[in-house]
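Asker: Both chains come to you apart, so use the hints to assemble them.
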Amino acid sequence: QKEVEQDPGPLSVPEGAIVSLNCTYSNSAFQYFMWYRQYSRKGPELLMYTYSSGNKEDGRFTAQVDKSSKYISLFIRDSQPSDSATYLCAMSFSGGYNKLIFGAGTRLAVHP
Amino acid sequence: NAGVTQTPKFQVLKTGQSMTLQCAQDMNHNSMYWYRQDPGMGLRLIYYSASEGTTDKGEVPNGYNVSRLNKREFSLRLESAAPSQTSVYFCASSEAEKIPYGYTFGSGTRLTVV
Numbered sequence: 016q017k018e019v020e021q022d023p024g025p026l027s028v029p030e031g032a033i034v035s036l037n038c039t040y041s042n043s044a045f046q047y048f049m050w051y052r053q054y055s056r057k058g059p060e061l062l063m064y065t066y067s068s069g070n071k072e073d074g075r076f077t078a079q080v081d082k083s084s085k086y087i088s089l090f091i092r093d094s095q096p097s098d099s100a101t102y103l104c105a106m107s108f109s110g111g112y113n114k115l116i117f118g119a120g121t122r123l124a125v126h127p
Numbered sequence: 032n033a034g035v036t037q038t039p040k041f042q043v044l045k046t047g048q049s050m051t052l053q054c055a056q057d058m059n060h061n062s063m064y065w066y067r068q069d070p071g072m073g074l075r076l077i078y079y080s081a082s083e084g085t086t087d088k089g090e091v092p093n094g095y096n097v098s099r100l101n102k103r104e105f106s107l108r109l110e111s112a113a114p115s116q117t118s119v120y121f122c123a124s125s126e127a128e129k130i131p132y133g134y135t136f137g138s139g140t141r142l143t144v145v
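Those protein sequences? They're chains U and F, same order as listed. The first sequence begins at 16 in the working numbering and counts up one residue at a time. The second sequence begins at 32 in the working numbering and counts up one residue at a time.
Hint data in this document are derived by calculation from the structure and do not stem from the laboratory. Wrong hints could be hidden among the right ones.
What the hints assert, rightly or not - Restricting the straight-line Cα-Cα distance to at most 27 Å, the calculated cross-link-like pairs of lysine-lysine (DSSO-like) are:
id : chain 1 : residue 1 : chain 2 : residue 2
1  : U       : K57       : F       : K45
2  : U       : K57       : F       : K102
3  : F       : K88       : F       : K45
4  : U       : K57       : F       : K40
5  : U       : K114      : U       : K17
6  : U       : K57       : F       : K88
7  : U       : K114      : F       : K40
8  : U       : K114      : U       : K85
9  : U       : K17       : U       : K71
10 : F       : K102      : U       : K114
11 : U       : K71       : U       : K85
12 : U       : K17       : F       : K88
13 : F       : K88       : F       : K40
14 : F       : K45       : U       : K114
15 : U       : K71       : U       : K82
16 : F       : K88       : F       : K102
17 : U       : K82       : U       : K17
18 : F       : K40       : F       : K102
19 : U       : K82       : U       : K114
20 : U       : K71       : U       : K57
Here chain F stands alone, though its shape is the one from the complex (with noise of 0.2 Å):
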């Protein structure tokens, strides 16, 4: 049981360069969410995703796109990379749009911009 499986762990990138961070869960959950984590900030909500088919911003979605796939895929785009977006991205996914607990996190992907 795999739980949330994002690809890469890690990540360097130069700036202007773009990538796609990839995740994919095995729990048949709706909703999905992509966070980033940076120090004395905690996890801020970049986009989510409630249902299959539909995407919303979150709190900082600036300088990201976002692609639900399918029910069990949920990637996030960085079309031209800044050193701002050096941080750790989590993808996680619950069960239902409005069941407020029981996220399920992947175990992130630590990007750096030089």
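Just chain U, with the same shape it has in the complex (with noise of 0.2 Å):
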């Protein structure tokens, strides 16, 4: 089993939806949750974090933690076709070593 799953996809949907995108995990030591967005071609780049339990709001996009569940949620409101790009989960635990651990990405489709 892996430590992070995230569904593959593809999710396509229409301009102006709200997208939810998840992982789950197994190792609950892990206290840092990350998103990377990635165009087709290019590196990740960081999207949002958040630190333990709770939400992280920023512009159109809201980051969730629930640490009982060992799930996370990133949620696009107003989706637009630049959202279109492949999200991924990343995960860290407190202290310790920078290493990040990460989903397997869900490639979003947003057309107009």
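Answerer: Next comes the structure, spelled out in structure tokens:
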């Protein structure tokens, strides 16, 4: 079993839709949770990060962490064609060395 | 501001050939990483360097070697390429060893081994 599971999709939605992307994990020691966005033929770029449980909002993006369920989510409101990309979740332990464990990524297509 | 620069962008190798993937960052970051990305597998850590002068194995180190040449540069070497090493390779850097967020990635090297 992988430490971090993520549905690869693809997920296709119309412009303006609310998108929900999710990851589950098995190691309860993870404390830092991140979402990266990767456009085709580019490197991943950090979108959002949260520490421990709770929500974090940044514009149209909201990240949620539910440590009791070992489940994290990224919501995109009013999705745009420019949001079409692969979204990767990543996690890390508290303290210790800065080493991220990534999910496989979910491919999202937002069509006009 | 270039960030993380990887060369080459594309490469085709024959089985058994060797090559070195180059990575350089201009952000004065201490830590650098090499990942490979395969369909359905996500990003898997090959090697990392917490700071200049140190390197350690990641999840999938077999068949690879690395060199942290100086603070800016971190290279990945394939001594005898195999078709299983066909992948997209990403180099990344981060500001400090214990900050668990904020990797900056390069744009990748697409390697095909035939």
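Asker: Any hints from earlier that this structure breaks? Give me their numbers in increasing order, please.
Answerer: 14
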